[in-house]
Each structure stands twice: as C-alpha cells, then as structure tokens.
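*Asks:* Here's the letter readout for the chains.
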Amino acid sequence: MTTDLTTWHPIASSTDLPMRHIYHGQLWGREMAVWRADDGHVNVWENRCLHRGVRLTVGLNEGRELRCLYHGWRYANRTAGCTYIPAHPADAPARTICNNTYSAVESHGLVWSAVDPIGEFEAPAVLNGNDVLALRPIPVKAAPDIALKHAKSYRFSPIGEGCADVTLVEETDNHVQLHAKQDQSKATLLLFVQPVDAGRSILRGVLTDQPADAGNILRHHNRRMQALRDVIEAEATMLPVPEPIEVQFSKVDEELAKMPARAKSGPKAELRVSVAHKWDASEGVAGFRLEALNGQLPTFQPGAHIDLHMPNGMSRQYSLTNAPGETDFYRIGVKREPDSRGGSECMHNAVQAGDVLAISAPRNNFPLRRDALKTILVAGGIGITPMLAMAQTLHVQGLGYELHYFAQSEAHLSFPDVLKTFGSNLIPHIGLDPASTGGALKELLSGYDYAHHLYICGPGPMLEATRKIAAEAGWPEDAVHFEYFKNTKEIDDSSTFEVALARSALTLQVPAGRTILEILQENGIEAPSSCEQGACGTCLTTVIEGEPDHQDVYLSDSEKASNQKIITCVSRAKSKRLVLDI
Amino acid sequence: MTELKCTDPVILNQWHPLSSIDEITPGLIHSTMLLEENISYGMDTDGNAYAWPFDNQLPTRSRLTSKTVRNPLPIHIAHGYVWTSLGEPPETLFSFEEYYEADRINVPTGVFGVNVSAGRAVENFLDMSHFPYVHTGILGEEPHTEVKEYAVEVSETRDEVLATQCQFYQPKAALASEGGAMVDYTYRVPHVNCALLYKSSPNDASRSDVIYMFLQPMSQDWVRAHTGMCVIDEDNTYESIRYFQQVIFGQDKPILENQYPKRLPLDPRSETPIRADKTAIAFRRWLSRKGLRYGVIPAAA
Amino acid sequence: MKLYDYELSGNCFKIRLFLNILGIEYESQTVDFYPGLEHKSPEFLQLNPLGQLPVIEDEGKVLRDAQAILTYLAVKYDASGLWYPVSDPGRLGEVAQWLAFADGITGTASAARLHDGLFYELDVEAARAGAHRLFRILDEHLWFAERVGRDWLVPGDHPTIADIACFPYVALSEEGGIYRQGYPAIRRWCDRVKRIQGFVGMSGIFTTSHAA
Ligand SMILES: N[C@@H](CCC(=O)N[C@@H](CS)C(=O)NCC(=O)O)C(=O)O
Ligand code: FES
Ligand SMILES: [Fe+2]
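Chains as they are written, first to last, in the numbering used here: chain F, 1 to 582; chain S, 1 to 301; chain H, 1 to 212.
Take the hints with a grain of salt, since some may be wrong.
What the hints assert, rightly or not - Dumping the calculated DSSO-like pairs for lysine-lysine here, alpha-carbon to alpha-carbon at most 30 angstroms:
1. S:K148 x F:K560
2. F:K468 x F:K278
3. F:K278 x F:K251
4. F:K468 x F:K486
5. F:K565 x S:K148
6. F:K468 x F:K560
7. S:K278 x F:K565
8. F:K251 x F:K374
9. F:K486 x F:K374
10. H:K40 x H:K2
11. H:K2 x H:K194
12. F:K486 x F:K560
13. F:K374 x S:K172
14. F:K489 x F:K420
15. F:K442 x F:K420
16. H:K194 x F:K374
17. H:K61 x H:K76
18. H:K76 x S:K262
19. F:K468 x F:K442
20. F:K251 x S:K148
21. F:K468 x S:K148
22. H:K194 x S:K172
23. S:K5 x S:K262
24. F:K141 x S:K5
25. F:K251 x S:K290
26. F:K420 x F:K486
27. S:K278 x F:K560
28. F:K574 x F:K560
29. F:K374 x S:K148
30. S:K290 x S:K262
31. F:K141 x S:K172
32. F:K186 x F:K152
33. F:K374 x F:K560
34. S:K172 x H:K76
35. F:K251 x S:K172
36. S:K278 x S:K5
37. F:K486 x F:K576
38. F:K141 x F:K152
39. S:K148 x S:K172
40. S:K172 x F:K574
It should be emphasised that the hints constitute simulated quantities derived from the structure, not laboratory data.
Next up, chain F with everything else stripped away, as it sits in the complex (with noise of 0.2 angstroms):
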C-alpha cells in the first residue's frame, strides 16, 4: 500500500459515534478526533487544538460544541471555528481562530475520510444501494501493506459456520472484495485496511447484505478476523518496527500568531447565499434562513451581525438568531419599518425563497460574556434578534439567565418556536407604554451583585431609558453591554480638521461633510466597516492624539470621555489634529 493521501479510507464506523462521544481516529499518522453533533453532523477534525496542541478526543463533546479539555476553548459543529475565549470572556475570539478539519462523508454505516482528496467521494459501487452490515473492526500492529497482503487470503462463511468457497473479486490499493459461496447461501465481503500508521493498521469488514442472523455472522467475522490478525501481526513481529510517520502540521494565519490585543475584524470576504426558507416570524417581521450556495458558511458567536446587500444596492446590518452548533444556515428576522429608507421594504416585498444574497462573514461587536453569574437580557422589539443567540448559548450551557422581552401584543413576539425552548427564562412584557416600561424596568434592575450582566438591544429611546435606569440602580458601566440597531442622533459633519496616521506615515484632510472613514477608504487604508452610521463598532479605531467629536452610539460614557477611541464613521475631531493609530 503506497501512501496516497487521496485516497478515501473507511476511519469509523457509524455506530462508533453514539451521541455525546468523540472517537479517536487515524490516518496514514494523522490523529483525528471524530465526533458526531447533535444534529447528526459528523466532524472530523485534526486531533490537536490549535491553542496549546491538547488531543480534542480528551475534550468533551456537549453536542454543538466541542470544549477543549485545558483551556475551556470551545469550537463550532461543521466549522470547527471557536466561539469562546474564556480567559477573555469579555472579547469575541478572532473569526479566524480554526481547528484544522479533514473530509468527512458517512455512508454506507461508515464514515470516510481521505487526508488531501481530490474530488468528491465515491463509495465502492456494490455498497450502492444496499443494506450492508460494517463488522467490528479489528485493530492490527502491522504495517498496512502487509496487512493487505494477507487480507486476500481471509476466509468465512457465510452462514456463520463451516466451510465456503472464497473467491477474490477484485484487489483495489485499499481493499479486498471476496465472495463467499456454501451450499446455497452466499455473501460479499469488502475488507478495507484502514492505514492507521506506518505500523498499525485496522482490518475494517462490511457485508454487501444484512444477514438474517446478524448477530451470529459477526461473531464468526470476529473470530475469523483475529485469527486473521494474529497471522499479520506474526509476520509482522519478523520484521523491524517501521518508524511512526511524522506529521507536518500546518501553520495558524500569521495574523493570529501574533498576540492581537483585542480581536481584529476579520476579511471583507463576501459570500453568497440563497433564501432557503422565508416566513411570517410574528407580525411585521420576516423571518429568513440563509444557506451557503457553496461550501461552509463561517463561524459565529452570540451577537454576532452580518452586512446583507440587498437586490436593490442597499446595504443593512441583521444579527443571526443562531443557537450554538447550527452552522448549516444563518437565521435573522427583519422588521417591515414603515419609514424605512427601502431596505426592510426591500427584503419583506421584493426578496423571495430561492434568491441569491450577497453578505458578509459575520462580526461581533456584541460579546457575550460567560462568566457571568447572572445574566440579564433584555430585548426590545426587533431587539430581540441577537438576543435569540444570547439566550440560546446561556440555555445551553445551563448558565443562569433572564430574558426580559418588550413587544407590542403577543402576536409581535418573534420566533415563538425558539422562544418556547427558554421555559421559565423567558418573561414578556407585553403592550407597555413608555411609563409602565420604565417601572418595569426598574424592578428588573434593582438587584444589582457582582459579576451580574446586562445585555439591551432595542429601539434607541428604550435603550438610553434602560441605561440609566441601570446606571442609577448601581450596574458598573462594564457591567452594562448595548447594540444600537441605529444611530438616530442628528450628525454634525460641519467641521474640518486634520487626521494623521501614525503607522502609515500619512495626514489627511477631512472637509465639512465628509467622514474619516470615507477618506480613510478613499486614500487606500484597510479600514473595516459595517453600518456606517455610529451604531455596529466595526470602524473602531485607537487615537494616540487630540480630542475626538463623538457622534456615535457605540462608545459608552466612560470610552467616550477617555478620548482613546473613536468610531470613525461618524464622529470627527474638537481639535485641529487628530493622531490615529493606523
């Protein structure tokens, strides 16, 4: 057997994988952690977290994320990208921060991998379409080569006793299929040698045809199988050890091996997805589940957002909805705004099931964090989107939470199917006008501790009132995290100054009704942005000198006042000269 990487390989079998497990593979050297979600999704991933190289078959697999046994890190089903830091609960991990994944297909009662494939998988044609029966595998200390030498000459009966007439169908590099014939009975067996290491190696068998008497017929291939396998591992014995394959492991984004100081937003990279399903999420909003046209969609966090441009050019920001673990699509509800500038209009009228979209891979400037001891969410309205994600990840994990939801009647709560799932956590607050709001919310409020948190998406007049309240019944203003689904203060962009920017060596002149953003983007710099309007924080940047003119509602009180950031798609500069550090 020639190591050929292309090659798809057998690595497991199906019922290795019962729920909450993590199989430990391996091929050709590769160790490979093997995992099924509770979705049914089955991972393989390289055996290695790429924080400080832990086996991910020692972590715990809690069905929609695996969690690394060292550091708590935890990563995404399907796209092994991490969502949680716990060292640094109050930061979003870096977008790009990725186990290394392998091919994965199941079929046929197997799971199959290959290290490099070229093309997709193709089961042995006489798998296809049959009810076939994977036998239990039995592990060899021989070299795969000499272990399919030996495989041709594997005997069995297939009524389970006795003897048959075997004959050798075909030989391929990566198994053996043999017919069996006693009497009138007959079956096919193909026997795969699973190239484990340069020395080891799995003899895994299946049946072309479920027996009737399954349980009998595997203890026969059982039996026969060692018998076969002490042959192997004598001849093996005879010769010298070959040595353990060594594998080159790829090298991490060089962006993350440097130690950023908080997570950088990631590649502008667009991607395209159809409208797979569009429906009525409660009254006046449109519920959407997006799905990659090709290939996986990125990795999320809880609060995360992700720019979606419209078939009519226009560009809005929309927060996923996702429980922890569904990575096959991205779900957000978008509200008919009656004065809307076109976009919801757009999306509620013109945008249908089976249209393309262009959006970008999501960004989150809405952390959550989990170390809280308790968490308070509390949603107004279409607020309630990013705190879907929130409220699904706390409930998941079993961490203590409640979600304080203010709508207009019932028939405006939105996602009611996902809203059941959160019990007794959930409390509506229905039909309340801005007085009763307020007294609501101060009851909420009012039992302020250490290391209680609060997150408040909503409408801007009901986000500044839940501020304050928090503010005067004693919430730390770290304690207190906001996401502005707009900016609705009026924007001053009268005044002219200067911006020099530190690393590039560059001032620029910024004139009345233009922002820094616009000619920073105009002059050739990298700089991020999303919904341009002072709200989502992707434009975020350091100011080394002067005095910023903050016009944005992303900064809380303390930021602002400390003049060390500046959202830069609004807010311009008090003084003459403003020193950036780009």
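For chain F, the structure is supplied; the task is to place chains S and H with the ligands on it using the hints.
*Replies:* Frame of chain F; chains S and H with the ligands shown alone:
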C-alpha cells in the same frame, strides 16, 4: 562517555537536577536517566555527592565509596537538590533565596515521570487559564475564568523570564486558605527546564509561598519532574502539603501527556497564543534565542 | 467509616467513587504512599499485612482489597440491590468474574503506570503486553454488549460493582503508556461510567459532558 545521544550544546551545558537530597540514601548507589544516558549517583556518609555514567562495576543499590567512582561528572548541590551536567556547566546555578530563609519549610513534594517534553511541562506550570478546567474547585472554578492583564519581561541581568502582577481567582488558594479569593502570582523561569512561582501566602500577606518545578529531561519527550514547595505555613504538616501538590500535579499529567506534538513547537505560527499566554510566548522566544534544539521543534530558520 | 486513602491510587478511587455514588459519608485518612511508603510501615502492616491500599474500617470491621470492600459496601449499604445482584446467581457469577478481571488490570495496567510515573522497577513491556491482552478481551465483550443495547459489563439495565472495579485502571492506563485508541468500545464505556449519577473524578480522570 564518548558518544552522547544528545548533541545539543545548549542543553548539554546546563545543570540538571538528579534528586532531592532527602531522597538519597547515603552510601547507596542510585541510578536514573539523563538526556538518554544512564547515570548513577549517590552521596557518601559525609554528605559528598557523586554522579557518573553508568558503570557495570557499580550496580544500582550497591555500596558507594568515593574511591570507587571512575569518571565523575560535575556536581553542584543547591536548593536541596543534587545537580549534574553532561557538558560544561556554568559556575553557578540560578538564585532561590527563599529556600534559605529560616522560617520556611521546604517540602519536596515528589518526583514524577511524565511522558512529555520539558518545555511543555514548564509552559503548563506558567499557565493560569487552565485552573478552572484542570484544577476545578481547587485552583480555579467557573465562572471565574478571566485572566487579567499582567506584565512579562526577560530580565537582562539575570537571564530569566519574569511574569509579575498576575492575578487569578481561586476557590481554595492553598491548603491553609478557606474560601475563594484573588491570588497574586509571580512566575520566574531562570533556567530552560526550571520554573518557580510565588504566590501570596495565606499566612502572611507580605510574603509569598514558593512552588517550584525542576525538570530532568530523561529524553526529548520523557521527563522526571521534581516538584516542591517552600512555604510559610504553621498549620499544615509536611504530608498534607505534599499531598496537596500531588493532587494538583496528578491533574496536570493527563493534559501534558495528551499534548500533540510532545515537543514544544517554537515557531510562532505553530499554535495560537492569546493575551493570557504572554509568559509562554516570552518563554518560547527566549528558548529560540538560546538556540535550544533538544525537546523542542525549532522554528524553521 | 474510615478509608485509608491515597488520591493517586486507582484502587482507592474505586472505593471513593462507589461511596460517592451511594451517598455515604466517610472519613478519608491519607496514607503517604509516595514517596513516604507509609503503607509499608509497621503500623500500617498491622491493618493490612499485605501492605496495600485501600483498607476500610467500618463499625470496628477492618477490610482490605478494593473488590472485597466494594462487595461489602454494596451488600451492606445499597438497599436497591442493583449494584451486587445477590439473588441472581448467573449475574452474580459474572460480577465475580469481572472483579477478578479487575485485579488482573491492576496487576498489569497499574504496574505500568507505577513504572512510568513513580519509577517502580519492573518489566514494563510485560506489564503493557498483559494489559493489552486484557483490553482486547474487554473491548470485544463491550462491543458485543452494545450490539444488543447493553451498556454495562454484566447483563442488565444497571451497572454493577464490576464496572466500578474495572474502570479506574482502564481510565488511567495511558499514564502507563497503554493507549486506548484501539479500543473504541472501551472508550465509550468509560464515557458511560462517567455519566453514572454520583460519579466523581480523581487526579488523572476528568468528568465528561452531559448526556444528550
Ligand atoms: N488487590 C488489591 C490490590 C491493591 C493494590 O495494588 N494497591 C496498591 C495501591 S493502588 C498498593 O497499595 N500497592 C502497594 C504494594 O502492592 O506494595 C486491591 O484491589 O485492593
Ligand atoms: S489547549 Fe485547548 S483550550 Fe488551550
Ligand atoms: Fe496545572
């Protein structure tokens, strides 16, 4: 010893710990492995220590007399341990003043074999963010998982990695402490295979307990970990301190033995550091600068 | 009840684990096994002339040997009778069979661990080979048990002290260089044992995720 299996001068020229003095039976020959070589050692009844490449004439557990040793290796006795070298060791060993303070008790907490490289073991010793997950309920506990900013420097004068102002929440900070508290740490790596941590003493806020780990590399990926504590602790017995440390060490062991690859990768792009790993980053860079090759995967030039 | 105990001992862990599952309060008295060799001291030899851990003292009764202690605890304190099915001779026989098997695991897998971790002088290759022989038998047994929907060593819906007795040195085997990658059914059974109500870990054995 003519042909050595290890050819890395950086590691050959270090002092390596062989045993705590406490565990040597005077007058008897002991043996161990160092850098893949079989080594014998012992102390005579006058307190002189010897080490030499294994010699058939001097079997393990036979009687040791100074006259019998034919090819003595360099010897250094310091910090309660006997140290030797297979190359040309420096004149001195790193300082460890606390060890010599009169009111402390020095407890060697045992020597353990671990299937991992010395570098991985040192790095684990410098790491706080694993406390809630690996030493659950003792040195850390969810949800208190945050690693606050701290300072790291490589001291020019002493050639050691130093991390200061480290803080971590601990439900049971030491044997003598009850209840959770933020605990202050300082870490020192004064030797490629040795690390010490200073941790605020529950008995005397102005002073620190010291925990150390001196690693004896038996091979590139198998070490003897000599662990010990040097504490101001009136309430606890020698045995209970030892026991506490063994529980902790026993929890780290399966983690260390499941690091893949076993040797410490020095290429900055081999793994993913975060801010909490500043000490480990400084440690890896420091090893790279020294040109260490044994037990590590050097960064490609 | 008093348990003469050492945290890193898998045999002592069998008792701690079972006492915790049964919810029985006990006093743990640490024996300085390593490096102190207290279990070989004259005082300890009075308790157990074999010089081994664990030993319990319960209402004046002194008992050695982990398997013997598990049996005693099950019959005396497990009112459900599920952990040690005294009234079912067939299953009881199987329990006893696996208790003896557990001692075989101690003699091989535990020995290899003592060699690698605490530098005991013994033939480690022989110990590892012996453990692999036992693990092959165990994995095969568990694989066929799973086929018919059985989770435990002995037929029945409930684990028995056989599972408790066999688990610790299987779970600690990698510390002795005995890797379990080739024993997938053993690895799954370890997860199931970790999900038994009342499970606690020890240094070297972590808990696992919750069942789905
Ligand atoms: N069959 C005994 C074996 C106990 C045993 O091996 N105990 C170890 C500690 S885990 C011990 O005390 N070993 C010391 C010795 O055998 O000298 C049991 O199951 O309890
Ligand atoms: S090694 Fe996996 S989280 Fe640190
Ligand atoms: Fe640790």
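*Asks:* Look at each hint and say if it fits the structure.
*Replies:* Checked hints:
For the given pair, K148 of chain S sits about 23 angstroms from K560 of chain F by alpha-carbon distance, which is consistent with the 30 angstroms threshold. Pair hint K468 of chain F plus K278 of chain F does not hold up; C-alpha atoms about 37 angstroms apart against a cutoff of 30 angstroms. Restraint check for K278 of chain F and K251 of chain F: not satisfied, since their Cα atoms lie roughly 41 angstroms apart, outside the 30 angstroms limit. Restraint check for K468 of chain F and K486 of chain F: satisfied, since their Cα atoms lie roughly 18 angstroms apart, inside the 30 angstroms limit.
Restraint check for K565 of chain F and K148 of chain S: satisfied, since their Cα atoms lie roughly 21 angstroms apart, inside the 30 angstroms limit. Only pairs whose Cα atoms come within 30 angstroms are accepted, and K468 of chain F paired with K560 of chain F is accepted, the gap being roughly 16 angstroms. With a C-alpha separation of about 24 angstroms, the suggested pair K278 of chain S and K565 of chain F falls inside the 30 angstroms cut-off, and the hint holds. Between the alpha carbons of K251 of chain F and K374 of chain F the distance comes to roughly 39 angstroms, so the proposed pair goes past 30 angstroms and is violated.
Of the pairs offered as hints, the one joining K486 of chain F and K374 of chain F holds, with about 27 angstroms between alpha carbons and a cut-off of 30 angstroms not exceeded. At most 30 angstroms may separate the alpha-carbon atoms for a hinted pair to count; K40 of chain H and K2 of chain H meet this at roughly 19 angstroms. Straight-line distance between C-alpha atoms of K2 of chain H and K194 of chain H comes to about 25 angstroms, which keeps the hinted pair within the 30 angstroms bound. For a cut-off of 30 angstroms, the pair hint linking K486 of chain F to K560 of chain F stands: about 18 angstroms separates their Cα positions.
A C-alpha spacing of about 22 angstroms is found between K374 of chain F and K172 of chain S, which places the hinted pair at or below 30 angstroms, so the restraint holds. A threshold of 30 angstroms between alpha carbons decides the hint, and for K489 of chain F with K420 of chain F the separation of about 35 angstroms lies outside it, so the pair is violated. As the CA atoms of K442 of chain F and K420 of chain F are separated by approximately 25 angstroms, the hinted pair is consistent with the 30 angstroms bound. At roughly 28 angstroms between alpha-carbon atoms, K194 of chain H and K374 of chain F fall within 30 angstroms of each other, so this suggested pair holds.
The suggested pairing of K61 of chain H with K76 of chain H holds, with an alpha-carbon distance near 13 angstroms, which does not exceed 30 angstroms. Distance check on the hinted pair: K76 of chain H and K262 of chain S sit about 47 angstroms apart at the alpha-carbon level, beyond 30 angstroms; violated. With a CA separation close to 10 angstroms, the supplied pair K468 of chain F and K442 of chain F stays within the 30 angstroms bound. Simply put, K251 of chain F and K148 of chain S have alpha-carbon atoms about 28 angstroms apart, close enough for the 30 angstroms limit, and the pair holds.
Proximity of K468 of chain F to K148 of chain S is assessed by CA-CA distance (about 28 angstroms); at most 30 angstroms being required, the pair is judged to hold. Using a Cα cut-off of 30 angstroms, the hinted pair K194 of chain H and K172 of chain S holds, with the two alpha carbons roughly 25 angstroms apart. Between K5 of chain S and K262 of chain S, the direct Cα distance comes to roughly 19 angstroms. Compliance with the 30 angstroms bound is thereby established for this hinted pair. Between the alpha carbons of K141 of chain F and K5 of chain S the distance comes to roughly 28 angstroms, so the proposed pair stays at or under 30 angstroms and holds.
Proposed proximity of K251 of chain F and K290 of chain S is supported: the alpha carbons are some 23 angstroms apart, at most 30 angstroms. For the given pair, K420 of chain F sits about 28 angstroms from K486 of chain F by alpha-carbon distance, which is consistent with the 30 angstroms threshold. Restraint check for K278 of chain S and K560 of chain F: the C-alpha separation of about 29 angstroms stays at or below 30 angstroms, so the hint holds. Between K574 of chain F and K560 of chain F the CA atoms are separated by roughly 13 angstroms; this keeps the pair inside 30 angstroms, and the hint holds.
Of the pairs offered as hints, the one joining K374 of chain F and K148 of chain S holds, with about 20 angstroms between alpha carbons and a cut-off of 30 angstroms not exceeded. With a C-alpha separation of about 20 angstroms, the suggested pairing of K290 of chain S with K262 of chain S holds against the 30 angstroms cut-off. Between K141 of chain F and K172 of chain S, the direct Cα distance comes to roughly 46 angstroms. Violation of the 30 angstroms bound is thereby established for this hinted pair. Straight-line distance between C-alpha atoms of K186 of chain F and K152 of chain F comes to about 18 angstroms, which keeps the hinted pair within the 30 angstroms bound.
Between K374 of chain F and K560 of chain F, the direct Cα distance comes to roughly 27 angstroms. Compliance with the 30 angstroms bound is thereby established for this hinted pair. For the proposed pair K172 of chain S and K76 of chain H, the alpha carbon gap of about 35 angstroms is over 30 angstroms, so the pair is violated. For the suggested pair K251 of chain F and K172 of chain S, the alpha carbons sit about 39 angstroms apart, so the restraint of at most 30 angstroms is broken. Proposed proximity of K278 of chain S and K5 of chain S is contradicted: the alpha carbons are some 33 angstroms apart, above 30 angstroms.
Of the supplied pair hints, the one linking K486 of chain F and K576 of chain F holds, its CA atoms being roughly 28 angstroms apart against a limit of 30 angstroms. As the CA atoms of K141 of chain F and K152 of chain F are separated by approximately 18 angstroms, the hinted pair is consistent with the 30 angstroms bound. Among the hinted pairs, K148 of chain S with K172 of chain S is consistent with the structure: their alpha-carbon atoms are about 19 angstroms apart, no more than 30 angstroms. For the hint linking K172 of chain S to K574 of chain F, the alpha-carbon distance of about 51 angstroms lies beyond 30 angstroms, and the restraint is violated.
The structure does not agree with the numbered hints 2, 3, 8, 14, 18, 31, 34, 35, 36, 40 stated previously, though it agrees with the rest.
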